[in-house]
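Dock chain Z against the given chain E, drawing on the hints supplied.
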Amino acid sequence: MNDRAVPLLELRDASKSYGAVRALRHGNISLRPGEVRALVGENGAGKSTLVKVLGGVIRPDDGDILVDGQEKIFHSPVDARNVGVAVIYQEPTLFPDLSVAENVVMGRHPLGALRRIDRGAMQSEVERLLDRLGVGLSAERPVRGLSIADQQIVEIAKALSFDARILIMDEPTAALSGPEVERLFGVVRTLRDHGAAVLFISHRLDEVFAICDTVTVMRDGAVVHDAPIDELTPDEMVKRMVGRDLSALFPKQEAQIGPPVLAVERLTREGVFFDVSFEVRAGEIVALAGLVGAGRSEVARAIFGIDRSDAGHVEVSGQRIPVGRPLAAMRAGIAFVPEDRRLQGLVMDLSIARNATLTRMRALTRLGLIRAGAENRLAREWAERLNLRFHRLEDPVAFLSGGNQQKVVLAKWLATEPKLLILDEPTRGIDVGTKSEVHRLMSELAGSGVAVLMISSELPEVLGMADRVLVMHEGRVTQELNRDDANEERVIRAATGVQAA
Amino acid sequence: MRAEAATPQTASSAAPGPGRHWRAALGRWETLLVGLLVVTAIAGQAISPEFLTADSFTTGSLDLSEIALMALPLAMVIIAAEIDLSVASVLALSSALMGYLWNHGQPVETIIPICIVVGALCGASNGLLVTRFGLPSLAVTIGTLALFRGLAFVVIGDESVTDFPTTWTDRAFGNFAGTFIPNSIVLFALLAVAFAVALHATRFGRSIYAIGANEEAAYFSGLRVKRIKLILFTLSGAVAALAGVVISLRNSTAAANVGQGFELTVVTAVLLGGISIFGGRGTIAGVILALFLLGGIQKALLLSESISSYWVQIVTGALLVGSVLGPNVASRVADARRRRSHPLLEEGP
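Residue numbers (the numbering used here), protein chains in the order written: chain E, 1 to 501; chain Z, 1 to 349.
In short, the hints are calculated from the structure, not lab data. A couple of the hints might just be wrong.
[What the hints assert, rightly or not] Some, not all, of what chain E presents toward chain Z, calculated at C-beta under 10 Å:
{"#": "1", "residue": "305"}
{"#": "2", "residue": "327"}
{"#": "3", "residue": "328"}
{"#": "4", "residue": "329"}
{"#": "5", "residue": "331"}
{"#": "6", "residue": "340"}
{"#": "7", "residue": "344"}
{"#": "8", "residue": "345"}
{"#": "9", "residue": "347"}
{"#": "10", "residue": "350"}
{"#": "11", "residue": "358"}
{"#": "12", "residue": "365"}
{"#": "13", "residue": "412"}
{"#": "14", "residue": "413"}
{"#": "15", "residue": "416"}
[Said to hold, decoys possible] Listed next, the stretches of chain Z that the computed footprint assigns to chain E, with coverage defined by at least 3 CB atoms under 8 Å from CB atoms of chain E:
{"#": "16", "region": "200-210"}
{"#": "17", "region": "218-227"}
[As the list claims (entries may be wrong)] Computed beta-carbon distance windows for the label pairs:
{"#": "18", "chain 1": "E", "residue 1": "380", "chain 2": "Z", "residue 2": "321", "range": "39 to 45 Å"}
{"#": "19", "chain 1": "Z", "residue 1": "264", "chain 2": "E", "residue 2": "106", "range": "53 to 59 Å"}
{"#": "20", "chain 1": "Z", "residue 1": "150", "chain 2": "E", "residue 2": "380", "range": "35 to 41 Å"}
{"#": "21", "chain 1": "Z", "residue 1": "329", "chain 2": "E", "residue 2": "57", "range": "30 to 36 Å"}
{"#": "22", "chain 1": "Z", "residue 1": "321", "chain 2": "E", "residue 2": "310", "range": "44 to 50 Å"}
Glycine residues also receive a C-beta, built at the ideal position from the N, C-alpha and C atoms.
Chain E extracted, bound-state conformation (with noise of 0.2 Å):
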């Protein structure tokens, strides 16, 4: 790497906006051509955000984009393409029944007489390409049957084929398994060779520092620290992710701890999650942390019934509930507020008293009829006790903003008069108003005896609010930290994997 060189793609300054949430600021990144840099951060940190900018997905409100020095205004992914920004997804987006060669050049086939696609010609580019990055694939064969790794090295050489001088790669390396991980590390270091600039995005603090030059980490949607890898030890890298003021309130009254409500017990599901065993107490906030990906909402899917578990099982107030039954948990007294609001939580064209009273039509139900009135009444009582903001009960839920939805979900699952609720994400996406509202209420229902599970990916929120915090790892549950213990160091060494120092 050449520190003077000037840089292939540099950002500088950018910011984005989306609506009143910031989700990029003082966007500065740059690389030079032979360098391997990372980008590092908590989830929602921003790197989704930058990366997007990079690639000409999304316009920055403010900022400049230079190529080679020279200004440029990245209009769609097709123009950063041309100038040779090339980003690679975890998932890689392959046709599974063409060949690997025909997937490389998709869109720009050699033409021979006539415009027929001159197949030769396409294999020997292919193949030399492929030789290139040092890998034995054959060109001719279908991507189907492909591992992901083999599919992400189709992604780079197609990457290539269009002349690609800045890759970009996001998480590359989370479905892939320690041998794979060592060749992609192999086509990348022959790329850098090459003179490529090459940006890796990972969670994995051990592989950042095993193939990376430099490092950009962000917080906050801001970039906050830019150095050589070697400046930095994988503590103070982490220390700088996280490293923010923890001056958010969090409201949280002291409960009176109960007999377990929820116990699982060595809960599997093959492939997402193994030996998943805890319990939660009357009265107590338990929170699961960890990485997106690492499992989480899994477990709460399996422990609800969405989800068919392989083994283990999981009680209620010691009573075994049945495997892969969502009416039998409800039943048994769970409640889950499931992470995506608008698929999964709330039915968005109905109004927002049917969708508060869905999980109550049977005791709404006289003869066989539900009675309007009471269902009115139920809803109108929850949105009083919510503080939801609507204009009438009849409209739409769709017509409600983020936060209020969030409230017709909670109160949704508030009128089952549960024993345990899970509440997957519970703030995400809501205004900071609503958020301390749903605090409080975490808290008072707590503190009313109702044990919480709570799944988020803020730390704050997860520091601020639980009495333990279970920590999980690619599918396991790799530390439990007591109120006391918990701090934001703690919790990212367990979710990044990071062995304690």
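What follows is chain Z alone, placed relative to chain E:
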């Protein structure tokens, strides 16, 4: 710190006004149907003075009674975001079975329940294919459309059975207690009330809307999505078989080729009634209005001496397309209007 400002409240700022209810009523699909009914009545009367007579109602409604019956469960199926195109073939299978059993000396009192049970089984097999194997109902019921019709021919072949006892055929063909309303329409009215109550006032009905509008959220709310869908397909089959009984007795003819193409008319009636093809929306009242409209248009075309009867098919097809297109265009207009007046409603990612 993340820069966050409290999002401005939007829901409570929607302008209320005295005109609101009026506009809401005017915007309803049912209102449009009533308007179209009036237009049809005027046009029909202009075509022939016979149009607005009791006799014309009797014959017109009689012709449509099987379609009307089948439209009720199909409305529920479509609200649940599924479809059943095999209804006309179940009707034919029921008719064929009726002829076969009558030829083999069974009394009509025994035949009717058997036919309905067989129809329910046909519907249940559609439902099982859809719910257990996760197949799209469009593909499944196109398949069983051919399959059940084929079975009907296996049961009775090309022959038709025409010697049902007159006590039964009179019941099916006759009018109710000296009025001009056919018995088959009285049967429809009873079922329509039952279906309307079930759809609009019970847990079952609420679940159907939730499933159709967002199946995943319905499942996450503890609704038994698969079971409800299975019940809907079974109901559809049973009512189609009942319609098969009615049409056989009414025409005194049981055969495997009855009701060819009826599925098109039934689907038209349901969609014209304002049931969304994408599920989650519509009312039984709308379907009933659409049936009146469809019957009125068909009757007017038949009474007309200058318009060829082929136009019935053309009009049916056009109504089908129009009823899918209409709400689609309307909702786009409404969305655009809403966005213009509430730009803040648009959510960030």
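Consistency of the hints with the structure:
1. Given hint, residue 305(E) at the interface with chain Z, holds; its Cβ is 9 Å from that chain's nearest Cβ, closer than 10 Å.
2. Checking residue 327(E) against chain Z by beta carbon gives a least distance of about 4 Å; that is within 10 Å, so the hint holds.
3. The criterion of a C-beta within 10 Å of any C-beta in chain Z is met by residue 328(E), whose closest approach is roughly 9 Å, and the hint holds.
4. Of the supplied interface hints, the one on residue 329(E) holds, with its beta-carbon coming within about 8 Å of a beta-carbon of chain Z, less than 10 Å.
5. Checking residue 331(E) against chain Z by beta carbon gives a least distance of about 8 Å; that is within 10 Å, so the hint holds.
6. Annotation: residue 340(E) was flagged as interfacial toward chain Z, and the flag holds, the nearest CB pair being 8 Å apart, inside 10 Å.
7. Contact between residue 344(E) and chain Z, as hinted, is supported at the beta carbon level, the nearest pair being about 5 Å apart and thus within 10 Å.
8. Interface hint status for residue 345(E): upheld, as the beta-carbon distance to the closest one in chain Z is roughly 6 Å, under 10 Å.
9. Checking residue 347(E) against chain Z by beta carbon gives a least distance of about 4 Å; that is within 10 Å, so the hint holds.
10. Interface hint status for residue 350(E): upheld, as the beta-carbon distance to the closest one in chain Z is roughly 6 Å, under 10 Å.
11. At a threshold of 10 Å, the smallest CB-CB gap from residue 358(E) to chain Z is about 5 Å, leaving the interface hint in force.
12. At about 5 Å, the closest approach between the beta carbon of residue 365(E) and any beta carbon in chain Z falls short of 10 Å, and the interface hint on this residue holds.
13. Here the hint on residue 412(E) is kept, as its CB sits about 7 Å from the closest CB of chain Z, short of 10 Å.
14. With 10 Å as the threshold, the beta carbon of residue 413(E) comes within range of chain Z, its nearest partner Cβ sitting at about 9 Å, so the hint holds.
15. A distance limit of 10 Å between C-beta atoms decides the matter here; for residue 416(E) the minimum to chain Z is near 9 Å, and the interface restraint holds.
16. Counting residues of the region 200-210 of chain Z whose beta carbon lies closer than 8 Å to any beta carbon of chain E gives 7, which meets the minimum of three for the stated coverage.
17. With 7 residues carrying a beta carbon less than 8 Å from a beta carbon of chain E, the region 218-227 of chain Z meets the three-residue requirement, and the given coverage holds.
18. As the Cβ distance of residue 380(E) to residue 321(Z) is approximately 42 Å, the hint placing it in 39 to 45 Å holds.
19. Between residue 264(Z) and residue 106(E) the CB atoms are about 41 Å apart, so this pair departs from the stated range of 53 to 59 Å.
20. The given range of 35 to 41 Å is broken by residue 150(Z) and residue 380(E), whose C-beta atoms sit roughly 55 Å from each other.
21. A hinted range of 30 to 36 Å for the beta carbons of residue 329(Z) and residue 57(E) is consistent with their spacing of about 31 Å.
22. Checked against the hint of 44 to 50 Å, the pair residue 321(Z) and residue 310(E) passes, with Cβ atoms roughly 49 Å apart.
Of the hints listed earlier, those the structure fails to meet are numbers 19 and 20, in rising order.
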